[in-house]
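Residue numbers (the numbering used here), protein chains in the order written: chain A, 589 to 855; chain B, 63 to 415; chain C, 24 to 304.
For the record, the hints were derived by calculation from the structure and aren't laboratory data.
These figures come from a predicted structure and were not determined experimentally.
In this text, a Cβ means the ideal position worked out from N, Cα and C, and glycines have one as well.
Any given hint could be a false lead.
As the list claims (entries may be wrong) - Calculated pairs, PhoX-like style, for lysine-lysine (alpha carbon to alpha carbon, straight line, at most 25 angstroms):
no. : chain 1 : residue 1 : chain 2 : residue 2
1   : C       : K30       : A       : K749
2   : B       : K202      : C       : K299
3   : B       : K88       : C       : K30
4   : C       : K120      : A       : K689
5   : B       : K242      : B       : K92
6   : A       : K749      : A       : K689
7   : B       : K179      : B       : K146
8   : B       : K179      : B       : K202
9   : B       : K280      : B       : K88
10  : C       : K299      : B       : K205
11  : C       : K299      : A       : K689
12  : B       : K205      : B       : K242
Unchecked claim - Partner residues aside, some chain B positions facing chain C, computed with beta carbon under 10 angstroms:
no. : residue
13  : T151
14  : Y156
15  : L236
16  : F406
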Amino acid sequence: MTATSATSRRPILLTIYSTLVFAFIYLPILVLVVYSFNRDGVGGFPPRHFTFDWYRQLTADSAIWNSVLNSLYVAAGAVVVSLTLGLLAALALDRADFPGKALFRRLVLLPLILPGIITGLSLLMFAVAAGFGRGLTAVFFGHGTALISVATTEIFAGLQKVDRRQEEASLDLGATPWRTFWHVTLPNLRLSLIAAGLLIFTLSMDEIAVTFFLIGSDNTLPQEIWGRLRRGITPEINAISTLILVVSILLITIWYHLRTRSEKPST
Amino acid sequence: MIPAASTSLSAHLLDVRAVSKRFAEKEVLKTLSLNVVAGEFLTLLGESGSGKTTLLRLIAGFEQPSAGEIWMNGERLDTLPPYKRRVNTVFQQYALFPHLNVRENIAYGLRANNTPKREIAPRVEAALAMVRMSEYSDAKPTKLSGGQQQRVALARALVNRPQLLLLDEPLSALDANLRKEMQGELKSLQREVGITFLFVTHDQEEAMALSDRIALLKDGGLEQVASPREIYAHPATAYAAQFIGQTNLLRGIVRSGIAECGALRFPTNSSDGPGLFSLRPERIFPASEVSGDPDSVRFSAEIRQQFYGGSTEVLELLCSDGQIVRARISAAGPLSGRQEFFFFAPDAIPVNR
Amino acid sequence: MYSRLYKLAVSLPPLFWVVLFLLVPYSLMFAHSFWVTQDGSIVHNWSLHQYFQLFTNPLYATVLFRTLRIAAFVTLFSLLLGFPLAYFLSFHAGPRKELLYQLVIVPLWVSYLVRGYAWKTILGTDGVLNGALEYLHITHEPLSALLYSPLAVVLMLTHIYTPFVFLPIYASLEHIPRPLVEASHDLGANSRFTFFRVILPLSMPGLLAGATFAFVLTLGDFLAPILVGGPSGTMIANVVQSLFGAAYDWPLGAAISVFILFITVGLLFCTERLEKRWTFQ
């Protein structure tokens, strides 16, 4: 009896197409996960014989776990470097004027928009010219530098929500700028810092392009997987990939909830 | 098929027949029926939540009625999508296309309906001239002031020569002076163009100044539909009496043709039982004025407060039974103490709750 | 409100760091592109020799043009997939919009390597796709042309960059005030007219941002060709990689890198200008 207006009718073709696009995005990942439980290896169809064998093999694989430790070391270092410099940079962009401010802003963004190979090679040249060797420390400096602008953007946004008057009140009551920063500004930025940290951590764990050129003999997890891929495919790689998938999703869900929480008005 | 309203069909442009609208659990419009006469300026007046905007959107086609039908010119309207209705809307925030300039905005509807090219330009020019925005034809909407944007929105709607123009609180975003100016422009525009205007507002003064008829809505239902003078002089309900203009609501009991509202007693035609009466403040006079009329009802009251207003002032009167009544009298200098006042019994209009 | 000392304290360290660890390295790369290799070592003779080589040597030119073609296809396909999806979510998804949005974002955070590997296992001659096709009796022999080809690279990178392209387009579409769509319908335009005359123009900034992103990142990708590209799918970044590795010619590698950098910066500059023209808020 009541008609459907054009604005509310759901177009059928578009719905089907969107579903197909969703399928395209998810099918490869699903295939990956499913075959990590397949006894007969990767490939062939359909998968029979469910097994946890590959995961069992994974737990005994010390090279992988060493590389995980290395990745954690790198990621932790990257978080420290990026957050520290990102915090200072965000404060500087928000509160100070200095010559070259615009150039600085663009320069800091470059590693994110340029293909990783360029940043990686540039840092390699620098490391060689300056006498630092390749290795895990070089990698975490590289990640830390490249990800500064991720921290800066996130913290800058958080700064906009800090009530300037709280800082003024603190100064008015006699606290030094340092005390004010530590006890007023920083706690307000807590959510932004945690969110930025999570994001940097996740990006660093997965980073491969810059890492490729700065790595020495110790591998990060992506490098380790890469090495094995050159040698051949085993479902063990599916297993570790599935684990990475689960952890990534977890971290990102936490990040997302932190972000939406910070956008709600504080009472 | 739901039977049409009792008045003659030929003068009706729009026929809203027992329309209801429900959003989730809430019923926003309750079996509402309304006619709109061709060529009139009809205002939908009400508070927020009264359903006036919902009704407008149903007529425009952005929502579907949960029950009931809407007819225009003898044809079913609510089954048509918005782009097939000969109805155009002026939106509350104008909704001008930011990527098109003024001329392109106005021409949009003509283009969408495949109007022949050679017809478009002259019609757009005429519309621009009509709202006096010809010099701004190349400007982008973001560069215009609120009042200017509003005129472009009007032109954009009117250029399509709709049978009915809907205006969704178009003046609420303007400041007071501009508002008064635009009110005048709207009224003369409507007369000039002759198109039926359906205007939504919560401002009763605006409604009274502009409309041929007012439809007062409350909680999704129609309180009263009448001309401004009619509603003011003969409000059908207490709500109508209070919402439009100001009034004193006198509560009391009617016995054998006499209403006893506390200290005030007056003859009335109402039937016996509890009664509610609306007495406008300007219909109460100081007893010093000549009052030999047999219908006049005298009472004494203490002047509690006096609000000076230039040509008139409002007195807050405490009657001997404790009820407070407001009177609007011609400016009379500072007053105090106990005084005598009177009003005419027929001015105490019985209203429904 | 902030003392000079405060301002210095917050701006100097990042400035210093960024100059030392970004500006200097990129400049070093830039400088190298003008030098030459002689007898296995780098000689600081300044010249445009390397750039000349890049464009005249048919070997490099072929790979460069193949890379540009692949980047164009990836961008095109990502847009064809990402735009309708963003449009559907923004205008027709109703109450499940937020959930669906999260679902689209999630793959972005799944390791690039993991997703590339997934395609490797799907497209191979013993892979899942061939297995499925044979099982369903659609083919009787494995298709060997799937893996190790430019097609595989395009498929994999489209898969990776569709969510990337989706994001800014969705943001742009969400920014379009819904009353504009209603106004368009009110004035007599049907959905198709509204889409092409109102929605598409207003979504341009997002579309340009997404397209640039996909193009630029594909241009510099060296992992996808190794994973699934094979010899016929080599891209320009692989050439760079080998020049810094086994083929030891840093200056030439630097020149190609700088060239990629220029295309990137140039494209971003153009898009930024275009975006400013197309933003109306």
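Against the 25 angstroms threshold, does the CA-CA distance of C/K299 and A/K689 hold or violate the hint? 21 angstroms, holds
Is the Cα-Cα distance between B/K88 and C/K30 25 angstroms or less? At roughly 56 angstroms apart (the allowed maximum being 25 angstroms), C/K30 and B/K88 break the hint.
Hint validation: B/L236 versus chain C, beta carbon distance must be below 10 angstroms. Holds or violated? 18 angstroms, violated
Sort out whether B/K146 lies within 25 angstroms of B/K179, counting only the CA atoms. Satisfied, since the Cα-Cα distance of roughly 21 angstroms is no more than 25 angstroms.
Could you grab the alpha-carbon distance between B/K205 and B/K242 and see if it respects the 25 angstroms cut-off? 23 angstroms, holds
Mind checking the alpha carbons of B/K202 and C/K299 for me, to see if they're no more than 25 angstroms apart? Roughly 15 angstroms between the alpha carbons, so the hint for B/K202 and C/K299 holds.
Against the 25 angstroms threshold, does the CA-CA distance of C/K299 and B/K205 hold or violate the hint? Between C/K299 and B/K205 the Cα gap is close to 16 angstroms, so the pair holds against 25 angstroms.
Tell me if the interface restraint on B/Y156 is satisfied: Cβ within less than 10 angstroms of some Cβ in chain C. This interface hint holds because 9 angstroms falls under the 10 angstroms limit.
Measure nothing beyond the straight line between the CA atoms of A/K749 and A/K689; if it is 25 angstroms or shorter, mark the hint as holding. 22 angstroms, holds
B/F406 as an interface hint toward chain C, with CB separation required under 10 angstroms: 50 angstroms, violated
Would the hint linking B/K242 and B/K92 be met if the CA-CA limit is 25 angstroms? Roughly 33 angstroms between the alpha carbons, so the hint for B/K242 and B/K92 is violated.
Given the hinted pair C/K120 and A/K689, is their alpha-carbon gap at most 25 angstroms? 39 angstroms, violated
Violated hints, in rising order: 3, 4, 5, 15, 16; the structure is consistent with all others.
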